[in-house]
Amino acid sequence: MISLGHYLALATLIFGLGAAGFLSRRNVLIQLMSIELMLNAVNVVLVAFNRFHPENHAGQLFAFFVIAVAAAEAAVGLSIVISLFRLKKTVESDRADLLKH
Amino acid sequence: MHAELALTMVVLLPLAGAIINGIFGRGVETADEKSAVGKLATGVVAAAFFAAAYCFYVLLQHEGEPIRAHLYDWFTLRLGSHTIPIGVTFVMDRLSGVMTLFVTGIGTLIHVYSTGYMSEDPSYARFFTYLNLFMASMLILVLGSSMPLLFVGWEGVGLCSYLLIGFWFENPNYAAAGKKAFIMNRIGDFGVIVGMFILMMATGSLEFSGINAAAQSGALKGTFELPRPEMLGSAAGLVLVLLGLGVVAFLRKKVNLSPLAWLVAAAVLGGALYVLFVVSPTVSIATAACLFLFLGCTGKSAQIPLFVWLPDAMAGPTPVSALIHAATMVTAGVYLCCRLSPVFMQSPTALMIISVVGALTALLAATIALVQNHMKRILAYSTVSQLGFMFAAVGAGAFTAGFFHVFTHAFFKACLFLGAGAVMHAVHAHGDADVRLLGGMRKHLPVVRWTFLLSCLAIAGFPLTSGFFSKDEILLGVVNAQGIEGYSPEVSWFVFGVLVLAATMTAFYMFRLYFLTFAGEYRSAKAHGSDEAGHDDHGHGEHGYAEHPHPPEPAIAWPLRILGVGAILAGLVNIEPILHVLHIHPEGEWGNWWGHWLGPVVASAGEGLENGWIYAAIGGTAAMAVGIGLAYSMYGSGTRMPAENPGAFHQLLLNKWKVDELYEAVVVWPMRWVAEFAAAVDKYFVDMILAKATATAVEIGGFLFTRVQNGVVYAYGTVMALGVLGVGAWFFLPHPALTVEKLEGETASLRAAVGLGYAYRWDGDGDGEFDSEEFEGSNTLERTYAAGERKAFVARLGGTLVGAVGGADVDITLPTDGSAVTLRDSELGALWAKSSADGSAPVPPVLRVDGDEVVVRPNDALSGRDGNEFRLKYGESAQLGNRTLRVGALVRSSVEVQNAFGVVRRQSKDSVIFPAEAEHAEARHATVGGAL
Chain A
241 MISLGHYLAL ATLIFGLGAA GFLSRRNVLI QLMSIELMLN AVNVVLVAFN
291 RFHPENHAGQ LFAFFVIAVA AAEAAVGLSI VISLFRLKKT VESDRADLLK
341 H
Chain B
864 MHAELALTMV VLLPLAGAII NGIFGRGVET ADEKSAVGKL ATGVVAAAFF
914 AAAYCFYVLL QHEGEPIRAH LYDWFTLRLG SHTIPIGVTF VMDRLSGVMT
964 LFVTGIGTLI HVYSTGYMSE DPSYARFFTY LNLFMASMLI LVLGSSMPLL
1014 FVGWEGVGLC SYLLIGFWFE NPNYAAAGKK AFIMNRIGDF GVIVGMFILM
1064 MATGSLEFSG INAAAQSGAL KGTFELPRPE MLGSAAGLVL VLLGLGVVAF
1114 LRKKVNLSPL AWLVAAAVLG GALYVLFVVS PTVSIATAAC LFLFLGCTGK
1164 SAQIPLFVWL PDAMAGPTPV SALIHAATMV TAGVYLCCRL SPVFMQSPTA
1214 LMIISVVGAL TALLAATIAL VQNHMKRILA YSTVSQLGFM FAAVGAGAFT
1264 AGFFHVFTHA FFKACLFLGA GAVMHAVHAH GDADVRLLGG MRKHLPVVRW
1314 TFLLSCLAIA GFPLTSGFFS KDEILLGVVN AQGIEGYSPE VSWFVFGVLV
1364 LAATMTAFYM FRLYFLTFAG EYRSAKAHGS DEAGHDDHGH GEHGYAEHPH
1414 PPEPAIAWPL RILGVGAILA GLVNIEPILH VLHIHPEGEW GNWWGHWLGP
1464 VVASAGEGLE NGWIYAAIGG TAAMAVGIGL AYSMYGSGTR MPAENPGAFH
1514 QLLLNKWKVD ELYEAVVVWP MRWVAEFAAA VDKYFVDMIL AKATATAVEI
1564 GGFLFTRVQN GVVYAYGTVM ALGVLGVGAW FFLPHPALTV EKLEGETASL
1614 RAAVGLGYAY RWDGDGDGEF DSEEFEGSNT LERTYAAGER KAFVARLGGT
1664 LVGAVGGADV DITLPTDGSA VTLRDSELGA LWAKSSADGS APVPPVLRVD
1714 GDEVVVRPND ALSGRDGNEF RLKYGESAQL GNRTLRVGAL VRSSVEVQNA
1764 FGVVRRQSKD SVIFPAEAEH AEARHATVGG AL
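Chain order of the listed sequences is A and B.
Count along the first sequence from 1, add 240, and you get the number used in this note's numbering.
Count along the second sequence from 1, add 863, and you get the number used in this note's numbering.
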């Protein structure tokens, strides 16, 4: 029997992978993918709770919202990456430092 | 109605002229434009003169009934419940009428003269703007009905004086002379302001009419106490510091001054300190007010100690010297004294000081004038000297005589200055003319010569000229001053003697000037032939002046003629004393028109000495004869020159008694040092430590904080993740935040914080076991405690008993093991102990718990109970020290909070309870205590 705890553990694992990837990699594309991972971990949690507390479908609804946000974020993020590449000929995030200090 | 309008116009016309020329006069260059500017400026002043003449005519028709023109309300002062309205009101009465008439009259003549004299000057319009502004200010000064309005004019003429002295400001010396005049006048103005405030406080009025009426009814009789000990240290210290700095400057050869001058300075300062702090006279309000006002007069009217600016003021164009620094502005001090004559009459001390200062100024300036070699400089010292005569008269209570001299002096001194200007104009001397290079002008400039001669006769006091009348009036007034109550006859005779001596010198130096300038041959013509030589910067260089003096143009000649006639005839308005001596008693009052006219508005000293006129007439006439005779014998031939190698005393006089050097050493240098010190403080402390250090600290902080923004995305992400973890950790733990909301008697309301998923269980009685095992309570608990639930006894010292100052309640938790607690003084209130017989330190009370009771051992404390020990149960109270001791119980409630994660936290709260009836008992006790 797969319990709520299993889902939460899976979600934690995925979120942890995403967070670790975001913090450790410098390639902006990888970082964007890591963000996707974290968002999807949240989706898993939302859907899992909805599965075990099916009074209403708030969890699933929220999951859709997150998917929509993720899509928008990916679009904006990729366009930023392209701009960055045009400007710096690289997609390393720490080369995007024009506004530092 | 017409008179009021005319009176307003007297002031507003010159002001309008100044505004128009000031705005539209820029860039005026051609002769036509200059002519327009000059005509406008002269026209407004002439119109003001005619308006003034009309007003004066009306005044004559109404027998001196003052004309008042109220323009608008300016502001209102509040003095306690008393309000003092200050309006812009011009008043022409007998005194201000005469003054207005000759100020505008002579002003018109000098404007006419200036159109000729200044015709070559590029700043023609600026000159007339200042001159018109001066006229407006002077008329405000004269016609203002109150002290503040007079002060407006007073400051205005000071400003114009500054602007006109520094008119040729391209020359740094001239600009410095302007600054000197301005600063000297500021020192005096401080005196005027203080005097004004003293009069306002004493009389409750700032209107001249109000002040004078109050003074006559004795409002100034009170006295000031000098705060001697408080002031002594600081004032003496300040003087010593300044003197010390001066000595340092002297030793460093910054100033050139003999040790003798230092002794004089030290003696003067020491004397002043001695009088102020050792003698410490009781000063009447009248004396204080008069002396402060007189300080203002010494500034404006160039008396000792503030006279040194006036000779330097000759840096201005000659018409300015004539109008401002001879005829009108410098006499403002005398006018102020006459205006407030009833106030001055209240203080014989102040009068004597004024007279002596005036006489000494007359003598000092006359001695300097004896040896000077420049026309305007001699005339400047002569002006200082003549002003000294006026103040000697004012100080003698002879206000009419002093003011009469103002009147006559305006004519002959203006004429002399304009004559000097005409000579300078003729020989192209710029700035001033050296008499050693002149001579023979009687052939070249006959008009100037005759008017100059007439004016010299007048100032010397030749019989039947105007100066003769006014100077004899002054001498007579000084002798008569003995009639004033409290006026010492010795002072009167001293002043008389000094004045006669000064009058002798006056006659001498004026005719020395006359002979050197007009007699003999023109010395520059012989020496050199260069026509341009006179144009050097100071006008008295080695080269001499223009070879052929050109005769004066009409604009210069006519004012001279009119003033020359005035110099002779102006005295006739006061011919009565002469007629009196000749036993002629004319019909009506025309003979002594002056005295009769001013009598009602100016205080008078009366006659102190029978036949005093004999002294005056003999003294004055002898002085004139001796002075002129000496001058003629020495310089009459026109060939003798001032000594080439003067002796030591002569040199000292040439150096003007080194007064400037003295001030330089005693005042200017110390001030400069203080200023340099302050500048250093500003530079190193304010700019460096305060400003720069603060800026650096901010800069360093800013640098450190900007390092955080390093542009590395995963660094930002790490910080964000840490923040999220922190917030998560806070939410992971429950936060009970238990508070006691209300505590009344034995009932308490407790409240724990609300949070997401929080559940509560309570331990209301504090026995360590929860009221229910399940988390099913609410976040609030209302509980009435029982006495048996107490954790400990609490002794509350609160309230106050008789005579003690209250304080906050003090709770003392008594140990449950029965050990004793000794109370401290601060807990018992002031004076808690019974008086002890042997004076040993009182033993404080001791509390301990014994079973259900608190045992109180008061020892030496006030207790209101018999025996050396008593017991109190829970809720009972007693007196202890000066406070009420009440026994309460300490109880405790706890709450446990569980959150959604199942984490549990616990918090406890203690309360001190009293039985409800204890309140009543306390109330009863307090009543009894209050009745004790």
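Source of the hints: derived by calculation from the structure; they are not laboratory data.
Idealized CB from N, CA, C, for every residue including glycine.
Some hints here could point you the wrong way.
What the hints assert, rightly or not - Here are some chain A residues pointing at chain B (derived, C-beta under 7 Å):
(1) Phe262
(2) Leu263
(3) Thr330
(4) Ser333
(5) Asp334
(6) Asp337
(7) Lys340
Close enough to count: is the Cβ of Asp334 of chain A nearer than 7 Å to one in chain B?
holds, 5 Å
Verify the interface restraint on Phe262 of chain A: the C-beta must sit less than 7 Å from at least one C-beta of chain B.
holds, 6 Å
Supplied contact hint for Asp337 of chain A, tested at 7 Å Cβ to chain B
holds, 3 Å
Status of the hint placing Thr330 of chain A at chain B (closest C-beta pair under 7 Å)
Thr330 of chain A check fails; min Cβ-Cβ to chain B is 13 Å, beyond 7 Å.
With a cut-off of 7 Å on the beta carbons, see whether Lys340 of chain A makes it to chain B.
holds, 3 Å
Is the hint on Leu263 of chain A kept, meaning its closest Cβ partner in chain B is under 7 Å away?
It holds, given that the least Cβ distance between Leu263 of chain A and chain B is near 5 Å, below 7 Å.
Hint status (Cβ of Ser333 of chain A to nearest Cβ of chain B, threshold 7 Å)
Holds: closest Cβ of chain B sits about 4 Å from Ser333 of chain A, inside 7 Å.
Violated hints amount to a single one, hint 3; each of the other numbered hints is respected by the structure.
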